[in-house]
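Novice: Sequence:
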Amino acid sequence: MVRDRNPGVRLKALEALRRQKDDPEVRRALIDVLRRDPNSGMRVYAIDLLTEQPDRKLVGVLQELVETEGHEYIRLRSRRVLQDLNASVDRF
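The sequence shown: position 9 = 8 (numbering that gives the first Met the number 0), numbered continuously.
Incorrect hints may have been included.
Unchecked claim - Pairwise CB distance ranges (calculated):
(1) 12 x 85: 30 to 38 Å
(2) 15 x 52: 14 to 22 Å
(3) 47 x 3: 15 to 23 Å
(4) 89 x 14: 27 to 35 Å
(5) 63 x 6: 35 to 43 Å
(6) 89 x 8: 14 to 22 Å
(7) 51 x 87: 20 to 28 Å
(8) 54 x 4: 28 to 36 Å
(9) 87 x 5: 33 to 41 Å
(10) 5 x 89: 30 to 38 Å
(11) 43 x 88: 29 to 37 Å
(12) 66 x 40: 15 to 23 Å
(13) 51 x 88: 34 to 42 Å
(14) 35 x 14: 12 to 20 Å
It is worth saying that the hints were derived from the structure and are not from the lab.
Heads up, the beta-carbon is just placed ideally off N, CA and C, and yes, glycines get one too.
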C-alpha cells in the first residue's frame, strides 16, 4: 500500500481496508501509513480509521505524532485521542 507512487492507488487500498480496520494486521498497516506516507491526506485517512475505535496499543504512536507530525490536524487528533484514553500526551 505504501509502496505505490500514486496516492490515488494508495487511497483506494485504504478504502478497501476500511471494513477490516479492526483486524490486527490491518491496524498495523494503517499505523505504517500514518507514520510513513508522504501524503498528508493518506495520513489523515489512516488516523481517522484508527481512532474510530482507539485502543491503548495506539498510545505510543499517538505520542510520537504529537511531537513529530507536521500536519496540524493529525497532531490535534492524536492529542485528543490520548486525552480520551486518559494517556499522557508526552512520551517518557
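Novice: Work down the list of hints and note, for each, if the structure agrees.
Specialist: A quick look at each hint next to the structure:
One distance hint, 30 to 38 Å for the beta-carbon pair residue 12 and residue 85, holds here, with the actual separation near 33 Å. Between residue 15 and residue 52 the Cβ separation comes to about 19 Å, which falls inside the hinted range of 14 to 22 Å. For the pair residue 47 and residue 3, the beta carbons lie near 20 Å from each other, so the given range of 15 to 23 Å is met. As the Cβ distance of residue 89 to residue 14 is approximately 34 Å, the hint placing it in 27 to 35 Å holds.
Hint check: residue 63 to residue 6, Cβ distance near 22 Å, so the stated range 35 to 43 Å is violated. The hinted window of 14 to 22 Å between residue 89 and residue 8 is violated, with their beta carbons roughly 36 Å apart. Residue 51 and residue 87 have their C-beta atoms about 22 Å apart, which keeps the hinted 20 to 28 Å range intact. Restraint check, residue 54 to residue 4: a C-beta distance of roughly 32 Å satisfies the suggested window 28 to 36 Å.
Separated by about 38 Å at the C-beta atoms, residue 87 and residue 5 satisfy the suggested range of 33 to 41 Å. Under the hint 30 to 38 Å, the C-beta atoms of residue 5 and residue 89, about 37 Å apart, fit the expected range. Against the hinted window of 29 to 37 Å, the Cβ-Cβ separation of residue 43 and residue 88 comes to about 19 Å, which falls outside the hint. Restraint check, residue 66 to residue 40: a C-beta distance of roughly 21 Å satisfies the suggested window 15 to 23 Å.
A hinted range of 34 to 42 Å for the beta carbons of residue 51 and residue 88 is inconsistent with their spacing of about 20 Å. For residue 35 and residue 14, the Cβ-Cβ distance of about 19 Å falls inside the hinted range of 12 to 20 Å, so the restraint holds.
Hint violations for this structure: numbers 5, 6, 11 and 13, all remaining hints satisfied.
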